[in-house]
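Given these sequences and hints, build the entire structure.
First to last, the protein sequences are chains Z and P. The numbering used here numbers the first residue of the first sequence as 57 and each following residue consecutively. The numbering used here numbers the first residue of the second sequence as 151 and each following residue consecutively.
Warning: the hint list may mix true and false statements.
Simulated restraints, written as ranges between beta carbons of each label pair [as the list claims (entries may be wrong)]:
(1) Z:Arg214 with P:Thr454: 47 to 53 Å
(2) P:Thr454 with Z:Ala130: 19 to 25 Å
(3) P:Gly455 with Z:Leu211: 48 to 54 Å
SDA-like cross-link-like pairs, simulated, lysine to any residue; straight-line CA separation at most 20 Å [said to hold, decoys possible]:
(4) Z:Lys62 with P:Asp411
(5) Z:Lys117 with P:Thr442
(6) P:Lys194 with Z:Leu159
Beyond 10 Å from chain P on every Cβ pair, some chain Z residues (computed) [unchecked claim]:
(7) Glu120
(8) Arg182
(9) Arg244
To be clear, the hints were calculated from the coordinates, so they are not data collected in a lab. Here a beta-carbon is modelled for each residue, glycine too, at the ideal position from N, C-alpha and C.
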Amino acid sequence: MRLEFKQRLDQLEASLQEQGELCLRAVRGAVTALEAQDAELCDEVIAFDDEIDMRYHRIEKLIEETLALETPVASDLRLVLAVLHASIHLERIGDQSVTIAKLTKLTADLETHHDLVEGLREMGDRCEEMVKVALDSFAERDIERAHGLVELDELVDRTNRRVTDKVLEMGSSPGLQEWGMRMIVVARCIERIGDNAVDIGEQTEYLVTGEFHEFSDASH
Amino acid sequence: MTQKMDEQTPDTEAPLPETHARTNADAPSIDSSRIAEISVGTTKDELAKREKVFHVEDLAVSYSGNVALRNVSLDVYKNTVTAFIGPSGCGKSTFIRCFNRMNDLIIGADVSGTVDYHGNDLYARGVDPVEVRRRIGMVFQKPNPFPKSIYDNVAFGPRALGMKDNLDDRVERCLRRAALWEEVENRLKDSALGLSGGQQQRLCIARALATEPDVILMDEPASALDPIATAAIEDLMHELKRDYTIIVVTHNMQQAARVADMTAFFSVEVHDDGKGRNGILVEYDATTKIFTQPGDKRTEDYVTGRFG
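Printed below as a string of structure tokens:
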């Protein structure tokens, strides 16, 4: 029944997963470029964001149409809304990757600190994993796995704090200081990617249960 | 750097270092052609590239001198579903009856203007209305099977037109196309009146298909049906438009939204004297446009439920 509608919903989910796949590449590219100080790769990550944005706008358009033409209700309505939210979070992940790439370019000539780069890469790897978990648990409607994102996010947050501490401990050479300050912003961007993954996890729970609540309360 | 990130290049020299290739090996590959297929907002311009099945120009219909509908011009495109929506009295049913000359059967009805069907004037002298109705079949609001067997209902048109070869095959084919075959294959000799309303309506569609039409007109085909039977008819319309061109009149706006590629909104025009009124075509566009960004305030008011 309502085969056309079901196809539309399938299309929506497939588009979301595709957008997610592109975001994973952007994150990977940004972190790799940071580690390797690869300006060309940075440019590529920056340009690549248009691809992600395009997917987002397409999903948004498709959802506008679906709401206007198919009047989805109940779990169908939740799916449409959850995809829209998740897609916005993915779009943000793309933006964070761009900021990381831009800051990497900006600091290309500065002295770097090996341990700190190592910490950022670790954060990046963890966040990449989190985005994967978020996308998979959404596709599988796996609430338990989605909740697991909170623990992963804790680890990222912890590393983020370590990065900040390390910057504060760093030497007083002006070049290193500037680099360190920029890297705090980079760490913040990576940390936000983790948060966006958790946000997608929350959408999974909403999709399955119809109840939305934040997995972890940022104000505590 | 010439290579793009969206190309799958794990085996070749990749601009993205190994991590890219490594982590990508187990990731689903992205086929961008598939993404491009996503049907967002088919526009009127895109649909208008298709062959025109009907070209209507300045059509007016009056009954015994009273104008029911006037100044209607639009094209109907091949293999689309075109919906006519609008409030009661807007002339949408009057209009759909112009496409197979059903108004000929109403005493005092007068049709002026042009209705071209594949470039031929439907109302030209010498055009046989029976042949018109063979090519342009019709399904009505209330299922109206003949008080005959299921088989004979479908076979009725072909027999009357002398299309008697392989009649069994034809009946089966039409019942299959109307998504009814599996429900009736063991009771073809039973009376059609024993079927449920939804089944009867699909039987009427099968009956319309039996004379090999090119166009199917549906006047409120689901308004007498429950939601499940309605959904079956709507699925059927999606399926049938691959081979036919469908025009549907519906009171149910959401039905138009669900099934139609193009939607025409008709409204009632009240004359200055406050007495006379007639239907007019307000807006005709891709259904997506009509339901997301209608161009006319009257359409917006109607689709959002702000009537009158």
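For each hint, the structure was consulted:
1. About 51 Å separates the C-beta atoms of Arg214 (chain Z) and Thr454 (chain P), a value consistent with the hinted range of 47 to 53 Å.
2. Between Thr454 (chain P) and Ala130 (chain Z) the beta carbon distance is about 23 Å. The supplied range of 19 to 25 Å therefore holds.
3. Distance hint check for Gly455 (chain P) and Leu211 (chain Z): the Cβ-Cβ separation is about 51 Å, which falls inside the suggested range of 48 to 54 Å.
4. At most 20 Å may separate the alpha-carbon atoms for a hinted pair to count; Lys62 (chain Z) and Asp411 (chain P) meet this at roughly 17 Å.
5. Annotation: proposed proximity of Lys117 (chain Z) to Thr442 (chain P) holds, straight-line Cα distance about 10 Å (limit 20 Å).
6. About 45 Å separates the Cα atoms of Lys194 (chain P) and Leu159 (chain Z), which puts this hinted pair outside 20 Å; it is violated.
7. Distance check on Glu120 (chain Z): its Cβ comes as close as 6 Å (rounded) to a Cβ of chain P, failing to clear the 10 Å threshold; non-interface status is violated.
8. With 10 Å as the threshold on Cβ separation, the claim that Arg182 (chain Z) sits away from chain P holds: the shortest Cβ distance comes to roughly 13 Å.
9. For Arg244 (chain Z), the condition that its CB be more than 10 Å from all CB atoms of chain P holds, with the nearest at approximately 22 Å.
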